[in-house]
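S.K.: These are the residues of each chain, in order.
Protein chains: 2
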Amino acid sequence: MKHNTSLAIHGGAGTLVRGMMTPTLEKAYKKSLEHALNLAYDVLEKGGTAIDAVVKATTLLEDSPLFNAGKGSVFTAEGTHEMDASIMEGEQLRAGAVSLLKGIRNPILVAKEVMENSEYVLLAGDGALKFAEKFGFIHEGDDYFYDKLRFEQWQEIKDTEKFQLDHSPKKDSKFGTVGAVACDRIGNLAAATSTGGMTNKRFGRIGDSPIIGAGTYANNNTCAVSCTGNGEYFMRNVTAYEVSALMEFKGLSLKDAGDEVIYNRLPKLKGEGGLIAVDRSGRVTMPFNSEGMYRGFKNSVGESSISIYKD
Amino acid sequence: MKHNTSLAIHGGAGTLVRGMMTPTLEKAYKKSLEHALNLAYDVLEKGGTAIDAVVKATTLLEDSPLFNAGKGSVFTAEGTHEMDASIMEGEQLRAGAVSLLKGIRNPILVAKEVMENSEYVLLAGDGALKFAEKFGFIHEGDDYFYDKLRFEQWQEIKDTEKFQLDHSPKKDSKFGTVGAVACDRIGNLAAATSTGGMTNKRFGRIGDSPIIGAGTYANNNTCAVSCTGNGEYFMRNVTAYEVSALMEFKGLSLKDAGDEVIYNRLPKLKGEGGLIAVDRSGRVTMPFNSEGMYRGFKNSVGESSISIYKD
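Residue numbers (the working numbering), protein chains in the order written: chain A, 5 to 315; chain B, 5 to 315.
One chain only, chain A, in its complex shape:
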């Protein structure tokens, strides 16, 4: 049986507030999302796997300086870039993740190596870097990750105890993450998430992005999910897996499960953010309770859209 293929991507919930968003910037964001969406959807259309499609989308978003992941990663309290990423496939529930990874262009590719070529699920810090080097990943210099806007965000708060979710509070809080979910022709699901963390973060903080069940989850029986928001709340709620559990154990539809998690359960803890999810029929849902979420989807029924706010 040939399945409907479907792909959804996000570039983070908690966008620039409408007042800060210029037409030029909006155009740049949408163009970058569209580019990733189209190239990754091509993978599915040519018969590629869900894993290959979410990796394609995620690496392209990691390569854009607009999103807080890979090249666009924010500065930590020590002026470095510590990146997290995770990936999971829904057929055998295999998963891989890296956390506090420094100097690697595409953390999602290292997460994929962990999934496919190790007995581990999650590797962190210098150890994760050693693993990446063993698999031939090249170490990028600091200049690759330097961005004037990110640097200024950091300078604003670097001598304080504050940390922030990408953009400064004046400009609204932005939960910088990228992610993708897909359903391929044979009905396999996959999810991927990648982030540069929080500006001025310290103490080796790990958020939900590299945590299977919190930021990322995939299971062919239910759905594939990638989350974005203030990670601590997503970890305490085990948000990505919660969507799947509501479908499997309570019989909710993909849309109802996503809505329950984002509009009811997450706000109970004062958690803010959103998620993208896809099921085996190729249905997509993209709920968020923040002002906006950079997002897009495309499927084999011919539907496609790119959005930022609740239009």
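One thing to keep in mind: the hints can contain errors.
Straight-line distance between alpha carbons at most 16 Å, and here's what the computed EDC-like set of lysine to aspartate or glutamate pairs gives [what the hints assert, rightly or not]:
#1 K274(B) / E123(A)
#2 K272(A) / E95(B)
#3 K274(A) / E95(B)
Partner residues are not named here, just some residues of chain A that face chain B (Cβ under 10 Å, in silico) [stated by the list, open to error]:
#4 L97
#5 V125
#6 A244
#7 K254
Far from chain A, by Cβ distances over 12 Å, these chain B residues were calculated [what the hints assert, rightly or not]:
#8 G145
#9 F155
#10 E156
#11 T243
Because the hints were derived from the structure by calculation, they are not lab data. As the structure is a computational prediction, the values presented were derived from the model and not from experiment. For every residue, glycine included, the Cβ atom is placed at its ideal position computed from N, Cα and C.
With chain A held as given, fit chain B onto it using these hints.
M.R.: Below, chain B alone, put in the same frame as chain A:
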């Protein structure tokens, strides 16, 4: 309403195989478990909180050289000790965890500080150590963690690519972890887990123990859970939260949910291990699919037991 109080503890699934267990060793394990169980249950009996009780039990097990956590932690590939711990309370779903922490006597106490005195959930590596130092934790020298048996386990495989779950395969695989779950007088639940990881582990591997939802979970609406086993499988299944989800969304009892997870869902991935769980009525379940699990429980109905194998 005064609730039945109840406490369960574990010292790891995958014990010494029966043939390797001498009467003297068995007595030592049981004595150590009994000591932790009694002192931690005293906390509940005197009106202490579930959090205080699980912390008491876990620190005592961390202080014993018999279990792979705290003092008894195994050696990594680099001859160091990297410890993980997590804690969660079921009323407000607050949680704290540390991973790859070096040189701290009781990692569970640092996890508690993360939960109570930070905006974070999970801190790792040198950053977690800095956080601990900021909160006045003393750095122990290597001699505190040195143990002849652990050292020999490491020497046996240190120049290989192998890593192992505490005891050597010849002696059966042992999944070294300690943990505790409790229900206190006012019906609040809490769970805690702590581990020294796997002998000869490398690449900054993180298992399920510090992951909320995988190794540890607590929610007053359902249960408190602490897991032990080969962590990667528990992470892929999101095991601790799975027990809670089966109760909340499918209406299963604590026992049925624990059994479903350990005897059905985990073996599907070839996962091995067990868990301890308690609900708000003070009921306890302690399923495991390995040969044994160091475990014990005590409650206000006057029941109490310490066991190692499926007696």
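S.K.: Indicate, hint by hint, whether the structure satisfies it.
M.R.: Right, here's what the structure says about each hint:
no.	hint	in the structure
1	K274(B) / E123(A)	13 Å, holds
2	K272(A) / E95(B)	12 Å, holds
3	K274(A) / E95(B)	15 Å, holds
4	L97	5 Å, holds
5	V125	5 Å, holds
6	A244	9 Å, holds
7	K254	4 Å, holds
8	G145	22 Å, holds
9	F155	21 Å, holds
10	E156	23 Å, holds
11	T243	9 Å, violated
Hint 11 from the list above is the single one not met by this structure.
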